[in-house]
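Peer 1: Now for the letters of each chain:
There are 2 protein chains.
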Amino acid sequence: MSSNSTLNIIKIGGNVIDNDGHLQDFLEKFAAMPGKKILVHGGGKIATRIASEIGIEAKLVEGRRITDEAMLDVVTMVYAGLTNKKIVATLQKYNCDALGLSGADGNVIKAVKRPVKDIDYGFVGDILADSINTLSIKKFLQAGFTPIFSAITHNGNGQLLNTNADTIAASLAIALSKLYETTLIYCFEKNGVLADVNDEHSVIPSIQASEFEQLKSSGVIYEGMIPKLHNAFSAIEKGVKNVYIGNAANLHLYQQSQFGTCLS
Amino acid sequence: MSSNSTLNIIKIGGNVIDNDGHLQDFLEKFAAMPGKKILVHGGGKIATRIASEIGIEAKLVEGRRITDEAMLDVVTMVYAGLTNKKIVATLQKYNCDALGLSGADGNVIKAVKRPVKDIDYGFVGDILADSINTLSIKKFLQAGFTPIFSAITHNGNGQLLNTNADTIAASLAIALSKLYETTLIYCFEKNGVLADVNDEHSVIPSIQASEFEQLKSSGVIYEGMIPKLHNAFSAIEKGVKNVYIGNAANLHLYQQSQFGTCLS
Numbered sequence: 031m032s033s034n035s036t037l038n039i040i041k042i043g044g045n046v047i048d049n050d051g052h053l054q055d056f057l058e059k060f061a062a063m064p065g066k067k068i069l070v071h072g073g074g075k076i077a078t079r080i081a082s083e084i085g086i087e088a089k090l091v092e093g094r095r096i097t098d099e100a101m102l103d104v105v106t107m108v109y110a111g112l113t114n115k116k117i118v119a120t121l122q123k124y125n126c127d128a129l130g131l132s133g134a135d136g137n138v139i140k141a142v143k144r145p146v147k148d149i150d151y152g153f154v155g156d157i158l159a160d161s162i163n164t165l166s167i168k169k170f171l172q173a174g175f176t177p178i179f180s181a182i183t184h185n186g187n188g189q190l191l192n193t194n195a196d197t198i199a200a201s202l203a204i205a206l207s208k209l210y211e212t213t214l215i216y217c218f219e220k221n222g223v224l225a226d227v228n229d230e231h232s233v234i235p236s237i238q239a240s241e242f243e244q245l246k247s248s249g250v251i252y253e254g255m256i257p258k259l260h261n262a263f264s265a266i267e268k269g270v271k272n273v274y275i276g277n278a279a280n281l282h283l284y285q286q287s288q289f290g291t292c293l294s
Numbered sequence: 031m032s033s034n035s036t037l038n039i040i041k042i043g044g045n046v047i048d049n050d051g052h053l054q055d056f057l058e059k060f061a062a063m064p065g066k067k068i069l070v071h072g073g074g075k076i077a078t079r080i081a082s083e084i085g086i087e088a089k090l091v092e093g094r095r096i097t098d099e100a101m102l103d104v105v106t107m108v109y110a111g112l113t114n115k116k117i118v119a120t121l122q123k124y125n126c127d128a129l130g131l132s133g134a135d136g137n138v139i140k141a142v143k144r145p146v147k148d149i150d151y152g153f154v155g156d157i158l159a160d161s162i163n164t165l166s167i168k169k170f171l172q173a174g175f176t177p178i179f180s181a182i183t184h185n186g187n188g189q190l191l192n193t194n195a196d197t198i199a200a201s202l203a204i205a206l207s208k209l210y211e212t213t214l215i216y217c218f219e220k221n222g223v224l225a226d227v228n229d230e231h232s233v234i235p236s237i238q239a240s241e242f243e244q245l246k247s248s249g250v251i252y253e254g255m256i257p258k259l260h261n262a263f264s265a266i267e268k269g270v271k272n273v274y275i276g277n278a279a280n281l282h283l284y285q286q287s288q289f290g291t292c293l294s
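Protein chains in written order, with this note's numbering: chain A, 31 to 294; chain B, 31 to 294.
In short, the hints are calculated from the structure, not lab data.
Do not rely on the hints blindly, as some may be mistaken.
[Unchecked claim] Okay, derived cross-link-like pairs now, DSSO-like style, lysine-lysine, Cα gap no bigger than 27 Å in a straight line:
| # | chain 1 | residue 1 | chain 2 | residue 2 |
| --- | --- | --- | --- | --- |
| 1 | B | Lys208 | B | Lys143 |
| 2 | B | Lys59 | B | Lys75 |
| 3 | A | Lys123 | A | Lys75 |
| 4 | B | Lys169 | A | Lys123 |
| 5 | A | Lys169 | B | Lys258 |
| 6 | B | Lys59 | B | Lys143 |
| 7 | B | Lys258 | B | Lys59 |
| 8 | A | Lys246 | A | Lys169 |
| 9 | B | Lys169 | B | Lys59 |
| 10 | B | Lys268 | B | Lys220 |
| 11 | B | Lys143 | A | Lys123 |
| 12 | A | Lys123 | B | Lys258 |
| 13 | A | Lys67 | B | Lys143 |
| 14 | A | Lys208 | A | Lys246 |
| 15 | B | Lys67 | A | Lys168 |
| 16 | A | Lys147 | A | Lys168 |
| 17 | B | Lys258 | A | Lys143 |
| 18 | A | Lys169 | B | Lys169 |
| 19 | A | Lys169 | B | Lys143 |
| 20 | A | Lys67 | B | Lys169 |
| 21 | A | Lys143 | A | Lys258 |
| 22 | A | Lys169 | B | Lys268 |
| 23 | B | Lys258 | B | Lys220 |
| 24 | A | Lys75 | B | Lys75 |
| 25 | B | Lys67 | B | Lys246 |
| 26 | B | Lys123 | B | Lys143 |
| 27 | B | Lys75 | A | Lys169 |
| 28 | A | Lys168 | B | Lys220 |
| 29 | A | Lys258 | A | Lys246 |
| 30 | B | Lys168 | A | Lys168 |
| 31 | B | Lys123 | A | Lys168 |
| 32 | B | Lys169 | A | Lys208 |
These numbers were taken from a predicted model, which means no experiment stands behind them.
For reference, chain A alone in the conformation it holds in the complex (with noise of 0.2 Å):
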């Protein structure tokens, strides 16, 4: 395929949101890429902090977190607003031309409000095989513009939706490898998947599917990044070339084919 073809998916997390001086890094970093290249960002403490000093309390019920009326408010604001409007400026700064999005802006991510089952989580949307709008995406992408996801998503009838932003990343990729060859990378805090989770230089290189079996049942893989890495290989068995889970701080690496973990 040619370049043009190509794009790559990023999500960071709040461990880089976060920290001011990280964050300028790493876009710095994500602006410099070339190609065709979307950012998926997650939402940090900030919301939470804010939810606090107005008064709201964070809602659990058997350990999982509600997103109650007021707090979906706060998530909108903080999310699509604050953190979103900082990255683009900033992106911008670098001469990327970003493009911040909710779901609900060029209808790019219609989820639908998760069914109450034994736990009502409220206004949480869940993604499914048809949420994705790839032909808004793609009309953003050939202007030249660089989506910037917040983890806000509407469900077409007027209600916006907190929904987690691995999914959002992994969903975005899985539906437009069907338009490019399509490229996930997961940015954490750690420099990939370890080897040694005490030995941040215990880095896997790669990682077929055929061997993570092995690997998981041979207790190679830290426990909690098992997870990660099902979703990961489901998301190359529905059509995403690769995913590479790497240290946000490592961005500029990967160009050289030297970041994180490549799961294919």
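The hints should help you fit chain B onto chain A, whose structure is shown.
Peer 2: Frame of chain A; chain B shown alone:
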């Protein structure tokens, strides 16, 4: 000109935004307007309420409102986050493919921080003649999106700026009049420019620039309206075809040429 080349830019203020019923009603009417259109929205009282709840006091110097860093965060959250995304999600419900924007998104409005003279207004952006990125906005309009502007801009160097929504609307209309036959529609709480400020039925249906001085000196036009009208006629001088001033609740009458006061 063909109907393809016309563009309506509608501005709503706090009086519509602060009332959920009025906002829904207005957005349904806005969604039903045919042709290319842009919405510009101001803030409303919610930013003041949230600022107060998180312990940020409105700062005034010589009666002028100052946007310090903490207040900038609040208006960014509320205008570009909560208010903008609620409007976008509602418009999607009404089948209008809305795309929420701050000035940083797609670099659509690059303002300059207001120079400090007698008063330091803080993080307030002034719009210059070349601030409006007509190319990016044209891309969105041509792709079928309806841009929804919040009153937040950026300086191109990573700094977000609080910017007057009336000024954004006028500046967009002036700049885009080079590409489209542009009409600017200011929605406010009255039915139009009134011959008798206490009589909502006394709307003056049209005022031409040549009549303005006379109406002003004869005291027919209510004093509070004069700056609005000055700005409107200035926009017309700079290429905007018409400026309408009227009540948001009457927007559906615009297609029947029965909306508010038409300035030309």
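Peer 1: With reference to the structure, classify each hint as holding or not holding.
Peer 2: Hint check results:
1. Lys208(B) - Lys143(B): holds (26 Å)
2. Lys59(B) - Lys75(B): holds (23 Å)
3. Lys123(A) - Lys75(A): The hint holds at about 25 Å.
4. Lys169(B) - Lys123(A): holds (21 Å)
5. Lys169(A) - Lys258(B): violated (37 Å)
6. Lys59(B) - Lys143(B): With a Cα-Cα distance of about 35 Å, the restraint between lysine 59(B) and lysine 143(B) is violated, given a limit of 27 Å.
7. Lys258(B) - Lys59(B): Distance ~24 Å between lysine 258(B) and lysine 59(B) Cα, so the pair holds.
8. Lys246(A) - Lys169(A): violated (41 Å)
9. Lys169(B) - Lys59(B): holds (24 Å)
10. Lys268(B) - Lys220(B): holds (26 Å)
11. Lys143(B) - Lys123(A): The given pair, whose Cα atoms are some 15 Å apart, holds under the 27 Å limit.
12. Lys123(A) - Lys258(B): Roughly 34 Å separates the two Cα atoms, so the pair is violated.
13. Lys67(A) - Lys143(B): Violated, because 30 Å separates the two Cα atoms, which is more than 27 Å.
14. Lys208(A) - Lys246(A): violated (30 Å)
15. Lys67(B) - Lys168(A): holds (22 Å)
16. Lys147(A) - Lys168(A): At roughly 36 Å apart (the allowed maximum being 27 Å), lysine 168(A) and lysine 147(A) break the hint.
17. Lys258(B) - Lys143(A): violated (44 Å)
18. Lys169(A) - Lys169(B): holds (9 Å)
19. Lys169(A) - Lys143(B): Cα-Cα ~32 Å, so violated.
20. Lys67(A) - Lys169(B): Holds, at about 19 Å.
21. Lys143(A) - Lys258(A): Holds, because 23 Å separates the two Cα atoms, which is no more than 27 Å.
22. Lys169(A) - Lys268(B): violated (32 Å)
23. Lys258(B) - Lys220(B): holds (13 Å)
24. Lys75(A) - Lys75(B): holds (26 Å)
25. Lys67(B) - Lys246(B): violated (31 Å)
26. Lys123(B) - Lys143(B): violated (36 Å)
27. Lys75(B) - Lys169(A): violated (35 Å)
28. Lys168(A) - Lys220(B): violated (42 Å)
29. Lys258(A) - Lys246(A): Holds, because 12 Å separates the two Cα atoms, which is no more than 27 Å.
30. Lys168(B) - Lys168(A): Distance ~17 Å between lysine 168(B) and lysine 168(A) Cα, so the pair holds.
31. Lys123(B) - Lys168(A): holds (22 Å)
32. Lys169(B) - Lys208(A): holds (24 Å)
Against the hints set out earlier in the document, violations occur for numbers 5, 6, 8, 12, 13, 14, 16, 17, 19, 22, 25, 26, 27 and 28.
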